[in-house]
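Number of protein chains: 4
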Amino acid sequence: MINLKNDYNTVGDKKILEELIKYSDERYVGYGEDTKSKELNSLVNNICNKDVDSYVLAGGTITNVIGLNQMLKYSYEAVITVQSSHINVHETAALEATGHKIIYTPNILGKLDISKIEETYNNFTDNHMAMPKALYLANATELGEVYTLAELREISAICKKLGLYFFIDGARLPQALASAGYSLADIAGLCDMFYLGGTKLGLPYGELLIIVNDELKANFKYLIKNKLGMLAKGFVGAIMFNAFLKDDYYLELANHSISMANIIRDELKDYLIYPNTTNQVFIKLDNNKYNNIKDKVACEIWESHNDYKVIRLVTAFNTKKEDVLEAIKIIKS
Amino acid sequence: MINLKNDYNTVGDKKILEELIKYSDERYVGYGEDTKSKELNSLVNNICNKDVDSYVLAGGTITNVIGLNQMLKYSYEAVITVQSSHINVHETAALEATGHKIIYTPNILGKLDISKIEETYNNFTDNHMAMPKALYLANATELGEVYTLAELREISAICKKLGLYFFIDGARLPQALASAGYSLADIAGLCDMFYLGGTKLGLPYGELLIIVNDELKANFKYLIKNKLGMLAKGFVGAIMFNAFLKDDYYLELANHSISMANIIRDELKDYLIYPNTTNQVFIKLDNNKYNNIKDKVACEIWESHNDYKVIRLVTAFNTKKEDVLEAIKIIKS
Amino acid sequence: MINLKNDYNTVGDKKILEELIKYSDERYVGYGEDTKSKELNSLVNNICNKDVDSYVLAGGTITNVIGLNQMLKYSYEAVITVQSSHINVHETAALEATGHKIIYTPNILGKLDISKIEETYNNFTDNHMAMPKALYLANATELGEVYTLAELREISAICKKLGLYFFIDGARLPQALASAGYSLADIAGLCDMFYLGGTKLGLPYGELLIIVNDELKANFKYLIKNKLGMLAKGFVGAIMFNAFLKDDYYLELANHSISMANIIRDELKDYLIYPNTTNQVFIKLDNNKYNNIKDKVACEIWESHNDYKVIRLVTAFNTKKEDVLEAIKIIKS
Amino acid sequence: MINLKNDYNTVGDKKILEELIKYSDERYVGYGEDTKSKELNSLVNNICNKDVDSYVLAGGTITNVIGLNQMLKYSYEAVITVQSSHINVHETAALEATGHKIIYTPNILGKLDISKIEETYNNFTDNHMAMPKALYLANATELGEVYTLAELREISAICKKLGLYFFIDGARLPQALASAGYSLADIAGLCDMFYLGGTKLGLPYGELLIIVNDELKANFKYLIKNKLGMLAKGFVGAIMFNAFLKDDYYLELANHSISMANIIRDELKDYLIYPNTTNQVFIKLDNNKYNNIKDKVACEIWESHNDYKVIRLVTAFNTKKEDVLEAIKIIKS
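Residue numbers (our numbering), protein chains in the order written: chain A, 185 to 517; chain B, 185 to 517; chain C, 185 to 517; chain D, 185 to 517.
Warning: the hint list may mix true and false statements.
Remember, identical chains collapse to one label, so a pair may be satisfied in a single copy or spanning two.
Below are the BS3-like pairs computed for lysine-lysine, each with C-alpha atoms no more than 30 Å apart in a straight line [what the hints assert, rightly or not]:
(1) 453 x 516
(2) 516 x 199
(3) 405 x 189
(4) 257 x 405
(5) 401 x 453
(6) 480 x 206
(7) 401 x 473
(8) 198 x 504
(9) 206 x 516
(10) 504 x 199
(11) 505 x 430
(12) 257 x 478
(13) 206 x 468
(14) 480 x 344
(15) 189 x 478
(16) 493 x 345
(17) 504 x 401
(18) 493 x 405
(19) 405 x 478
Calculated from the structure, these hints are not laboratory results.
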């Protein structure tokens, strides 16, 4: 069975896993105070061309929640996002569990309607209502879409105007960068905090959270520990992300996944339902066809309608071209 | 420099790391619904000789907090423990951050004064006070001590009598088992929830939480996700713990660390300050001596007094005998 | 200036205030364990024709939050409501601050679209999403509308089917009862918990929370104290609510407020914008007219449009007929 | 039966209750934006001789929790207090329920051991531990003791040195002032936030929270609403506190309660067990004597020992001299 179900279905990239073995005789200081973590931070500073702080956390949800909690101090402070966003739909109310409200606006497919941010903010007028203090979006979005640099600049300017911190969920940021052609330094120049996902691109675990805004840097390790994210062996994540970032290896991995998705998009263009340019492809199959392929191609049902289904096909850093071609053949047949 | 600072100072055991590479071409379902996690759960059931549920979480604090939150539903429900316990002292108020009070009793070195549990419980008499609902202890303790099976039976009986859930923090449970000679099945027979630590015994990350009490099994994955502990690649932890548990490999690793500690205890018996039988050794050094060794042997200062220091030496699953002997020589000289 | 701004703009009904003086030489036990609270509970049992528990809390928000927290144990458990509801819009994220998500559906004016409850519930399919456990609505709604008994029965049946607790915010329940003609006993027969508002009908403070479902009765005072709602002088609220309930005095007060609103509705029917039958009247005034009246009639701007405003006129338990007539004259002129 | 059980056992002082009736025909703006609240704030500014903000909240626990939450932003920030303090023992873990740890030191009777504050603070050394950010004490204490002005100055200086906010629980501050002879202005000069209790001195409900430190003033109404303390009819509390403060009426009420307690202390000096100078008297009675009086004098058992009990007798603002004399006679007989 060909597996196009998601991009986190294997242990990880062998080259990165071998780094773990390579350094396994070394002894390090715990809790991210080690030499590998310092090395990683220097590398991140160089890549971002900025004096930023960086931390490896285990997964996307914990990174979203801890990052946003650094921005939202009092429990009346809230985050604005789109209805379809991960924190609103797919994190089992984890942010609310830390005491904060999510304010959401209708989405245009998976993207923020930029023209609605200010109006949404302005609905919160007095102390009988929550106080918006941050804006969250994912790039790439849940539907694999990428924000243009112009869009991000516009959002960044609106956030500055309204006094909102700007947080970018980068669970699939490498794929967005590979697709859109802008850089980590561009991102670092526009938001207050963001992360670069490893779990969905060849790491066994790990997201690299980057704090850009100096106001948000103080005492962050207190918050990481308090909100359950501190890893005793911080050096493990650092070793992996050093290999991930070095010589733009993460872009190489991301490019591969996108090139595989592009093959699908080209070959199945008649089935495409949502447009995007990253490693997720959404196609519409009538129920008969779906039933014919479902035991041959592992994939996610995104929407289930009376007479058709929307299917998500995801390519990973290590998806093989022969598998992609075979899957296409099965679907077309 | 010889490193006896802690037991989580290397990436991990090579045999276990190689398992990750071995399975890296396989594709798995996410979020712990995979075949490796099911295999692990069967293995744990066999070892515990009970129908238990098992989950791999990233580290000790998150395991303590999520486990206790499954026991403590309403925010007035509290946990009883000893003052020196990890959740009270070294977790940056992570449990309180989820809304629960920690009630603590004085410790006898690092252990619970069993004779005080009932009295402590009885101090909470009415709805103007918190309601104790769980008892937490670590085995081995922070000071490396092990509870005897008789002690655990007594505590278990008191908990049953008082209607308290019994939680055992097992960050160093393998070391306790190796030292005390009782088994995981014994532990599973006495408490409601416990875990078996991997981080401090050769895993790059991971604690194996085991739910014994049927009342505590429902909807636990909701809580894991809600409290930030869900790992997308659940199979990674499962692969590691399968290797860790198979043929009692974890006991082999634990035995090694204890035999190394025993050498230190034998050779430095005149310096010993706290008695215990696991992989931590606490010695008293006058300040002069400490200054002489501190650049040769990496170790933790546990207490700092005017004219002496209490030093903690920790042996790991992969501590070398030659390093132990050299460290002893340095300290004695 | 005639004040039709809201229904909580005076200290309270003199007859009720005089009760406080009448009993001011008596000494009572604290925290709601007194004879007056017991008397109140008997009275409530009689009126509801059921074995219910009753508690006086200070205001609407604290009653909503404590009541819902009794229903929602784990922090992944969520409440379903309409977008416009008080807990979602006008409580400064107080429910989320206790760790729970609010799931909302579009409103039909201020009412729940009953046909959407099940669909909304069914969107929450697995442990990556919140788990709906309660349904909240206000009767009367924010826009003064009243649910019919048939509607409440239908909602109650859906909640039972889906395993949702049913909570009714009754900040203006007396006004709903007076308008719709059903009784407290009808309400008690259909939901799991509800309250009867005093603040908006002549009490200086106080909402009477009534727990119908036996599953929700245990340890409620622990939660009240833990969530900041315990009042030392519980007997004060009990004295007031005894007078409020006795001989249906609360309905008398509610009827007055509605009869005053009905005069406005009759006389200003050409201006009416939202239909309802309780003590709130929503009218549409062009901006010129609004500017002419705004220094003569204190009222709330509900919506502000380019060329008109929606104005809310509220009548209270002690609104004078002459003031109502004068306000009508001013608005018509 | 003579009631000396507590100081919150009657509805309230008639003079204050009559104020409520006096103003009951006036219409006010809601939520503390009314003229009476502004008048109160001016009065408080004059009395404190400082530019402070003031808010009426319903009771002691909610005032402690909301006040401390304004000081403690991140959930790793903790408050230092004494073991016996109200927030630690008698508030059903309400502060922890908002996510903050209470760090406590042993008490000397009910008072803080001032010499231990700095040491306690210094135990919290790094990001694996909570971060102390506030110090809380009650004046008068749970045992009726009063801090001297010299003690408060010393504590204030230590707090400033350590960067701790200083919060004074004043549930019985009027009694402390009446006993110690210093003023509200003295208190306002030494701490960052404090309150003046009404519930225990003749108000049906209400504590007056006063924010001294400018850093703590912003957005406080957001926090009040978010943490369940907002009262729709803010003017009711303002009317009561205006009467309470005017012409030092609160000191008059406090002086009465203390003079009644002094009679007991003089007459029962052989029974006294804890020294203090306010309106609580602690006496030691053997079990026989206790059994003889318990149906004649309502009082609180503070400690229960094998052969004796410690009994608390409390005098209120309206305790009658004849009742005090009669109670003394009963106890002595």
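Now for the hints, and whether the structure bears them out:
1. For the identical chains of this complex, residue 453 and residue 516 are intra-copy neighbours only, at 11 Å inside a copy versus 64 Å across copies, given an alpha-carbon limit of 30 Å.
2. Taking CA atoms no more than 30 Å apart as the test, residue 516 paired with residue 199 passes in neither setting, with 35 Å inside one copy and 44 Å between copies.
3. Proximity of residue 405 and residue 189 under a CA criterion of 30 Å is satisfied inter-copy only: 21 Å between copies versus 35 Å inside one chain copy.
4. Within a single copy, residue 257 and residue 405 get their C-alpha atoms as close as 15 Å, and across copies as close as 15 Å, so both meet the 30 Å cut-off.
5. In this assembly of identical chains, residue 401 and residue 453 lie within 30 Å of each other by CA distance neither inside one copy nor across copies; the values are 46 Å within and 46 Å between.
6. Proximity of residue 480 and residue 206 under a CA criterion of 30 Å is satisfied inter-copy only: 25 Å between copies versus 38 Å inside one chain copy.
7. Taking identical chains as interchangeable, the C-alpha atoms of residue 401 and residue 473 are never at most 30 Å apart, the minima being 52 Å within one chain and 39 Å between chains.
8. In this homomeric assembly, residue 198 and residue 504 come within 30 Å of each other (Cα to Cα) both inside a single copy, at 15 Å, and across copies, at 29 Å.
9. Taking the shortest alpha-carbon separations for residue 206 and residue 516, neither the intra-copy value of 45 Å nor the inter-copy value of 34 Å comes in at or below 30 Å.
10. With identical chains, the CA atoms of residue 504 and residue 199 are at most 30 Å apart both within one copy (17 Å) and between copies (28 Å).
11. Taking the closest pair of Cα atoms, residue 505 and residue 430 come within 30 Å of each other only inside a single copy of the chain (25 Å); across copies the shortest separation is 36 Å, beyond that limit.
12. In this homomeric assembly, residue 257 and residue 478 never come within 30 Å of each other (Cα to Cα): the closest approach is 47 Å inside a single copy and 39 Å across copies.
13. In the homo-oligomer, the alpha carbons of residue 206 and residue 468 never lie at most 30 Å apart, since the shortest distance is 45 Å inside one protomer and 37 Å across protomers.
14. Neither within a single protomer nor between protomers do residue 480 and residue 344 lie at most 30 Å apart by alpha-carbon distance, with minima of 49 Å and 41 Å respectively.
15. With identical chains, the CA atoms of residue 189 and residue 478 are at most 30 Å apart within one copy only, with a shortest distance of 11 Å there and 53 Å across copies.
16. Taking identical chains as interchangeable, the C-alpha atoms of residue 493 and residue 345 lie at most 30 Å apart only when they sit on different chains, with a minimum of 28 Å there against 42 Å within one chain.
17. Proximity of residue 504 and residue 401 under a CA criterion of 30 Å is satisfied in neither setting, with 41 Å inside one chain copy and 39 Å between copies.
18. With identical chains, the CA atoms of residue 493 and residue 405 are at most 30 Å apart between copies only, with a shortest distance of 28 Å across copies and 45 Å within one.
19. With identical chains, the CA atoms of residue 405 and residue 478 are at most 30 Å apart between copies only, with a shortest distance of 27 Å across copies and 45 Å within one.
Violated hints for the displayed structure, listed by number in ascending order: 2, 5, 7, 9, 12, 13, 14 and 17.
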